[in-house]
Structure formats: structure tokens, C-alpha cells
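Going by the numbering used here, the first residue of the sequence shown is number 1, and it counts up by one from there.
Hints were generated in silico from the structure; no laboratory data involved. Check the hints yourself; a few may be wrong.
[Claimed, not checked] Derived CB-CB ranges, DEER-like: (1) S94 x G63: 18 to 26 angstroms; (2) S94 x K16: 16 to 24 angstroms; (3) D29 x Y58: 20 to 28 angstroms; (4) N8 x Y85: 52 to 60 angstroms; (5) K14 x K56: 45 to 53 angstroms; (6) I66 x S94: 24 to 32 angstroms; (7) I66 x S99: 28 to 36 angstroms; (8) G10 x P95: 53 to 61 angstroms; (9) G54 x N8: 29 to 37 angstroms; (10) I66 x K14: 12 to 20 angstroms; (11) M15 x S94: 44 to 52 angstroms; (12) R91 x K16: 19 to 27 angstroms; (13) D29 x D98: 17 to 25 angstroms; (14) D98 x K14: 54 to 62 angstroms.
Here a beta-carbon is modelled for each residue, glycine too, at the ideal position from N, C-alpha and C.
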Amino acid sequence: MRSFECKNCGQAFKMKKPPKGIRKKEVEDFKSLQRGDCIKVVGGSGPYYTDRDGEKYYMVDRGKYIVEYTDNEGIHAYGDTGYNYLYMGKRCPSPLMDSLVRSPCKIMLLKNMPAPRPKKRLS
1 MRSFECKNCG
11 QAFKMKKPPK
21 GIRKKEVEDF
31 KSLQRGDCIK
41 VVGGSGPYYT
51 DRDGEKYYMV
61 DRGKYIVEYT
71 DNEGIHAYGD
81 TGYNYLYMGK
91 RCPSPLMDSL
101 VRSPCKIMLL
111 KNMPAPRPKK
121 RLS
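Work out the full structure, taking the sequences as your base and the hints as a guide.
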């Protein structure tokens, strides 16, 4: 493990390079997103299905998405798996089935990140 300060005196070592990584910020108001913004959906969030044993299966794939547009309850976006609707409304039971729960996705706004390209489908 790399140390960033001296164990004896506590003085910080000068770092040669800035830390690598993606700068990300949690999105508080999804309606402020613009077309072309790159976002990341955090795993374990969004609408989910609950089976008989109480196990949750999330309906939205985690990963990077490019915002197309937003509406009152969510985000229309493209990711590695194609088009997705990211629900951002209040948590509530789904009107379709008792075992579905509409829950908001947790999203992060990514900076300095290349946009994901949707996979081409063979015709």
C-alpha cells in the first residue's frame, strides 16, 4: 500500500501525478440534465422486482448513459445496452404487478468521460 505521508513526522509527500479517476457528482435535480450529458447509474438502484424469497432484481442496468431528454418522472437515455428509461419519481408500488416497485435510480454526473457508444445490431 502506498503511503502519502511520513509515518514518523506526518509530513505529506509530494505527489508526482494528480490522482487518476473519473470526477463524478451525484445528481440532485435530474431535470437539470441536458442532452449529451454523461451519467452513471449506480447498481442497486431503480425499479425492481421482488421474488417469492424476497430477493430483489433490478430492472435497470448499471453503467454509463448519455442523456437524450428528461420528462416529469425520468430520463430517456442511451447506454451500452441501448435505449433505457431511468425512473426518477417517488418510490411506490407499480400499477402493473404487486411484485414490482417503482424506485428512483441513483445517478452520478460524470466529467471528463467519453460517451458510451451503443452497440450496433446486426440486421
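Status of each hint after checking the structure:
1. S94 x G63: 18 to 26 angstroms: Cβ of S94 to Cβ of G63: about 23 angstroms, so the range 18 to 26 angstroms holds.
2. S94 x K16: 16 to 24 angstroms: The hinted range 16 to 24 angstroms is violated for S94 and K16, with Cβ atoms some 52 angstroms apart.
3. D29 x Y58: 20 to 28 angstroms: Holds, since D29 and Y58 (Cβ atoms, about 23 angstroms apart) stay within the stated range.
4. N8 x Y85: 52 to 60 angstroms: 56 angstroms, holds
5. K14 x K56: 45 to 53 angstroms: 46 angstroms, holds
6. I66 x S94: 24 to 32 angstroms: Roughly 26 angstroms apart at Cβ, these two residues keep to the hinted range, so it holds.
7. I66 x S99: 28 to 36 angstroms: 31 angstroms, holds
8. G10 x P95: 53 to 61 angstroms: The hinted range 53 to 61 angstroms holds for G10 and P95, with Cβ atoms some 59 angstroms apart.
9. G54 x N8: 29 to 37 angstroms: 52 angstroms, violated
10. I66 x K14: 12 to 20 angstroms: 38 angstroms, violated
11. M15 x S94: 44 to 52 angstroms: At roughly 49 angstroms between Cβ atoms, S94 and M15 fall inside 44 to 52 angstroms, so the hint holds.
12. R91 x K16: 19 to 27 angstroms: Taking Cβ atoms as reference, R91 and K16 lie about 46 angstroms apart, which means the hint is violated.
13. D29 x D98: 17 to 25 angstroms: Violated, at about 31 angstroms.
14. D98 x K14: 54 to 62 angstroms: Given a distance of about 59 angstroms, which is inside 54 to 62 angstroms, the answer is holds.
Violated hints for the displayed structure, listed by number in ascending order: 2, 9, 10, 12 and 13.
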